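Assemble chains B, C, D, E and F with the ligands onto chain A, guided by the hints.
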Amino acid sequence: MTDGGAADGVLLSASGLSLERGGRELFSGISLQLRRGQLVQIEGANGAGKTSLLRILAGLSRYGFAGHVEHRAAQLFLGHQSAVKGLLTPRENLAWHVAGEADFSAAEIDAALAAVNLYGYEDVPSHALSAGQHRRVNLARLYLSRAPLWLLDEPFTAIDRAGVGALEVRLLQHLEQGGGVLLTSHQPVTLAYPLLRLDLATGTLQ
Amino acid sequence: MTDGGAADGVLLSASGLSLERGGRELFSGISLQLRRGQLVQIEGANGAGKTSLLRILAGLSRYGFAGHVEHRAAQLFLGHQSAVKGLLTPRENLAWHVAGEADFSAAEIDAALAAVNLYGYEDVPSHALSAGQHRRVNLARLYLSRAPLWLLDEPFTAIDRAGVGALEVRLLQHLEQGGGVLLTSHQPVTLAYPLLRLDLATGTLQ
Amino acid sequence: MWTLFHKFGSPPWLYRLSGSILRWLLPITLLALVGGAVWGVLFTAPDFRQGNSYRIIYIHVPAAVVALAGYYVMAIAGAVSLIWRMKMADIAMRACAPIGAALTFVALVTGSIWGKPTWGTWWVWDARITSMLILLFLYLGVVALYEAYENKALAAKACAILSLVGTVNIPIIYKSVDWWYSLHQPASIKFTGGSTIDPSMLYPLLFMITAFYCLFTCALLLNMRVEILQREQRTAWVRALANKGAAG
Amino acid sequence: MTPAATVTFCLRLLRRQLVLGLRRPVELGNPLLFFAMVVALFPLGLGPAPDTLAAFAPGILWIVALLSNLLTSDAVFRSDLEDGSLEQLLLAPQPLYFSALAYVLAHWLLTGLLLGLASPLFALMLGLAPGAIPALAASLLLGTAVLSLIGGIGAALTVGLKRGGMLISLLILPFYMPVLIFGSGAVQAALNGNPAGPFLAILGALLCMSIALAPMAIAAGLRISVDT
Amino acid sequence: MTPAATVTFCLRLLRRQLVLGLRRPVELGNPLLFFAMVVALFPLGLGPAPDTLAAFAPGILWIVALLSNLLTSDAVFRSDLEDGSLEQLLLAPQPLYFSALAYVLAHWLLTGLLLGLASPLFALMLGLAPGAIPALAASLLLGTAVLSLIGGIGAALTVGLKRGGMLISLLILPFYMPVLIFGSGAVQAALNGNPAGPFLAILGALLCMSIALAPMAIAAGLRISVDT
Amino acid sequence: MYFNSLAAALQMDGHGAFVWSAYFITIGVVAMMVYAPRRREQRFLRQLEGQIRRSEGGNPPGASKEV
Ligand code: HEM
Ligand SMILES: Nc1ncnc2c1ncn2[C@@H]1O[C@H](COP(=O)(O)OP(=O)(O)OP(=O)(O)O)[C@@H](O)[C@H]1O
Ligand SMILES: Nc1ncnc2c1ncn2[C@@H]1O[C@H](COP(=O)(O)OP(=O)(O)OP(=O)(O)O)[C@@H](O)[C@H]1O
Ligand SMILES: [Mg+2]
Ligand SMILES: [Mg+2]
Chain A
1174 MTDGGAADGV LLSASGLSLE RGGRELFSGI SLQLRRGQLV QIEGANGAGK TSLLRILAGL
1234 SRYGFAGHVE HRAAQLFLGH QSAVKGLLTP RENLAWHVAG EADFSAAEID AALAAVNLYG
1294 YEDVPSHALS AGQHRRVNLA RLYLSRAPLW LLDEPFTAID RAGVGALEVR LLQHLEQGGG
1354 VLLTSHQPVT LAYPLLRLDL ATGTLQ
Chain B
1174 MTDGGAADGV LLSASGLSLE RGGRELFSGI SLQLRRGQLV QIEGANGAGK TSLLRILAGL
1234 SRYGFAGHVE HRAAQLFLGH QSAVKGLLTP RENLAWHVAG EADFSAAEID AALAAVNLYG
1294 YEDVPSHALS AGQHRRVNLA RLYLSRAPLW LLDEPFTAID RAGVGALEVR LLQHLEQGGG
1354 VLLTSHQPVT LAYPLLRLDL ATGTLQ
Chain C
3 MWTLFHKFGS PPWLYRLSGS ILRWLLPITL LALVGGAVWG VLFTAPDFRQ GNSYRIIYIH
63 VPAAVVALAG YYVMAIAGAV SLIWRMKMAD IAMRACAPIG AALTFVALVT GSIWGKPTWG
123 TWWVWDARIT SMLILLFLYL GVVALYEAYE NKALAAKACA ILSLVGTVNI PIIYKSVDWW
183 YSLHQPASIK FTGGSTIDPS MLYPLLFMIT AFYCLFTCAL LLNMRVEILQ REQRTAWVRA
243 LANKGAAG
Chain D
20 MTPAATVTFC LRLLRRQLVL GLRRPVELGN PLLFFAMVVA LFPLGLGPAP DTLAAFAPGI
80 LWIVALLSNL LTSDAVFRSD LEDGSLEQLL LAPQPLYFSA LAYVLAHWLL TGLLLGLASP
140 LFALMLGLAP GAIPALAASL LLGTAVLSLI GGIGAALTVG LKRGGMLISL LILPFYMPVL
200 IFGSGAVQAA LNGNPAGPFL AILGALLCMS IALAPMAIAA GLRISVDT
Chain E
20 MTPAATVTFC LRLLRRQLVL GLRRPVELGN PLLFFAMVVA LFPLGLGPAP DTLAAFAPGI
80 LWIVALLSNL LTSDAVFRSD LEDGSLEQLL LAPQPLYFSA LAYVLAHWLL TGLLLGLASP
140 LFALMLGLAP GAIPALAASL LLGTAVLSLI GGIGAALTVG LKRGGMLISL LILPFYMPVL
200 IFGSGAVQAA LNGNPAGPFL AILGALLCMS IALAPMAIAA GLRISVDT
Chain F
4 MYFNSLAAAL QMDGHGAFVW SAYFITIGVV AMMVYAPRRR EQRFLRQLEG QIRRSEGGNP
64 PGASKEV
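Residue numbers (the numbering used here), protein chains in the order written: chain A, 1174 to 1379; chain B, 1174 to 1379; chain C, 3 to 250; chain D, 20 to 247; chain E, 20 to 247; chain F, 4 to 70.
Chain A with its partners taken away, still in its complex shape:
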């Protein structure tokens, strides 16, 4: 977990971000630095602009906003959509993932699927999975990835309570190994770890 990242531990830095969509100013003047070991939650009501901000930070939105974003480490971005193909099995989905991070061995993939409680479903076509299982296929990437910077857009959606608990454990582990996590969630994050909150309305990090 040492690839990427500058000496000062900053994984991602952004300055003066502001965005206007459909004639509404969603946020303005947001500057933030995410360092190793930091857990930041973006807060805001539905439509506040959390997803838009995350997509700007990930580099997916490139036009129409003001400000500057700088990546200093490899990133893992999980969006609202799960990038899981219904025709492929969970195993194939992970082995042939388009994000192209690395070649994972079959054992690694099976372990990751087991970690998200899909043991026994490795070879079922993904469209036959339940909504939560479908999202879990995507979340299995959290157990595979070696990227230090995680950008997660509502990772807990459709996951049952036990699953949320397991995910939180994984986040904690990643943070303790020096990763950084930026996430949005409408469910309260109950992690025994210092949580910074980014309020979109005021643009401040607390």
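Just so you know, these hints were derived from the structure itself, not from any lab.
A couple of the hints might just be wrong.
Below, a sample of chain C positions facing chain D; criterion: calculated Cβ distance under 10 Å [unchecked claim]:
id	residue
1	W125
2	D128
3	L142
On a predicted model such as this, the values are computed, not experimentally measured, just so you know.
All C-beta atoms in this analysis are idealised placements derived from N, C-alpha and C, irrespective of residue type, glycine included.
Coordinates of chains B, C, D, E and F with the ligands only, in the frame set by chain A:
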């Protein structure tokens, strides 16, 4: 709120439901009667079969299960997918809804949209809405429908905390007017109302 | 040079400049069009083979020539917008498409009207005509793509890519259509191509071609002005303009 | 459900489908432009000789109509299935027969009707004798309606499968063929100076039959597709 | 990213796209059956006179190839955009140029290659002179690759729009036309006893040019589409 | 002037209908090319002015849409 429903207040009755998918038995021997004023939550982990059961109860799955379902009142079913067309505005989505419950006046629709906090977004194409707002367009049907029986599959997904609160108020109101609600949710339901739990593993209602 | 480049990137400057250009160019253009048409229709001798239907040439050929040139203007603007990210080039590119489509349409319709008395048919699949039809498709494709995007900044980028792809392709399309036509060699119809044209016909024709180029410029500027206003609607200068316009 | 309520509902569905097809009136140009382009392919492929083109014009226009129907009928129910609208439609109290008819009608208005109305222009471009143009337009208007109804059946049966596209073509193309034969036959008859009436009458009979039967098949297909 | 890693990644992408296209080997038959049916439409529509059919067989087969490419290229990126795979692809460390190429290659393998290989059979069905068949197959193999690359550009530019289908056809059909001309020209030349070589050389040149340029346009288009 | 009379100019030996219709269609298209953007500009400015007035001058008289 008096259309439909037999004299004994039973809105929906099912007996001896059992289902097997992909070689796994999801549930068996489930019998339930939903009466006016009852709030029932189906419990189970991801992949337990909650959605499958709801679809059987709604009459969408008609083959491949054992048992018998009887509807005695008009129903409103909201599934995992929101049935909201990205190209249409929220107002058009509700006015031309394919569920064809009734002709709603423009004022009714605007009131419903305002109730789910989409005031000001009535005429934005729905694909420009955020994930939560997209679901809210669908949830606005809860403010329009006159069906006494509600089957809701994870209605709180992607909704922010204030929105969940408002929805719970609406559920309460519906229950007090003699409606019945059957829902699934991975988030705890914090309603000041007696909640019955249907455990899929044991098939019992508590 | 560089400062001029930057000035072209400045919307209010371009808006004002185009206003002052249009103030004299537009009337002159319209006058020239009417004058050239009257010259061609009423004051020249008819072609000895085609008789009076030859008079359509004074709109048919200029429209065809300018429509073709317009595609290159559009592609160059597209390239500038993609490479230097110049907003005004975006706008110019977008403005070219409907104008070019209109001129191509004029060329096709007048040609088709000309064809009826000359060849006895409204339409033939001649090489030149077919490639002009394809040019119309290309223009309309750009218009349709631009209209389909809601975010106009992205629409302009997409259209720039499309028009660049088109630029690479236009010579290929032309060449291929020529080959196609010569491959099949239908004997029935031939353009008189290469026939020397009488100076008394040539001068009004050249005059009309110039007038059509001016028309293209005027329409381009007019379209760009609207686009500039729409893109810049949140800036102070457009708001001031709106207030002034409403008061006056 | 009262009949009046059903009619209102179907009109609403029709309006919805039309708006989904043409969000802005400008978009009406797209199908027409598409037809023009596909028509232009044929001279480019078959050669520009005016007499052969004129002789093939009925067949070419009919093949274009058929292919554009084929191309688009896969999409009739697909997005509605994917976003959950279809299951809501099945739960609606109105009879599915009429809803299915509304979907097909919208599809026809956006493909067949437009093509039928624009066909005289394309016929001129291909050099079809002007006398055969009424027969062409009439046969296209009647025949494409049949095509849309048949295409709807294929769409309903295949929409639940994760892979549509190709399969639907295989299912419905054989059923399209009689329409193609009678449709181009009508124009050919008019070209040869024979009355096109009998061919048009057959197309009309096919249309009546498919209006009566196809929506039932579509409704049954949709119920199965939503169940998977 | 090392070149080796990029190659592995692209091969993985290719494999994924092929599996998505053909989950079961049986499905390999669908495109072929589709071609056969569309080819059968032409005798029905144009009239079955053997000599005219044989004369127009090159054009007919090329038009079918072109339309089937048109039909399928809309789908190249659409499902990936809808389920979020496309944004993951853009975030991948590998250069998008090669990923785009992998997508297009998969598309070509499933449409153009199959059609090229099966074309001798269809040519015989239409009565094409056997001497022209090698030219036909070669021109189809080369030309459909160009078509797939061009189609990819159209798909990339329109995939972010809520309305696909028609628009992509409008964008790419004009660019398809030269390929159609040179492709059917090659077969025509072979039919007339002239060498098809020059035409094939041009198709090859077009292919080289589009392999160099189209993936760049596709990559730029995808970045725009994901941004909407 | 090549033609002797107005009638001759209109007739042009039977080609008049073609020539004149071609010119009239062109006039129509050219007029649209010049007129359409000017009208769009005017309409846009008026609309923007209304928008500014609404946002600055509080509630407009006719729009009391309180929820
Ligand atoms: C659309 C692209 C076209 C271009 C670039 C174009 C260009 C020209 C040019 C330069 C001439 C003058 C030729 C000469 O003096 O020898 C001409 C003549 C003519 N054009 Fe077009 N034309 C086009 C389309 C059409 C169309 C669509 C038609 C009708 C179907 C048409 C019908 C004619 C006729 C009848 C003549 C006079 C024929 C002759 O001189 O033999 N043209 N065109
Ligand atoms: N293309 C667009 N045109 C107009 N408005 C847009 C567009 N795209 C997004 N918006 C607006 O941007 C706002 C922010 O959307 P975003 O998805 O970032 O919200 P969010 O905070 O992630 O909400 P949620 O919690 O519901 O996911 C929304 O109000 C939406 O209406
Ligand atoms: N076509 C099918 N083939 C095989 N298994 C299937 C099929 N459809 C559903 N299943 C299985 O049925 C089970 C129940 O799915 P269901 O969607 O009902 O779960 P759920 O309780 O709603 O879960 P969630 O909380 O994730 O929404 C899943 O384990 C799924 O794998
Ligand atoms: Mg969001
Ligand atoms: Mg579920």
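Checked hints:
Annotation: W125 of chain C was flagged as interfacial toward chain D, and the flag holds, the nearest CB pair being 5 Å apart, inside 10 Å. Checking D128 of chain C against chain D: minimum C-beta separation of about 7 Å stays under 10 Å; hint holds. Annotation: L142 of chain C was flagged as interfacial toward chain D, and the flag holds, the nearest CB pair being 6 Å apart, inside 10 Å.
Checked against the numbered hints above, the structure violates none of them.
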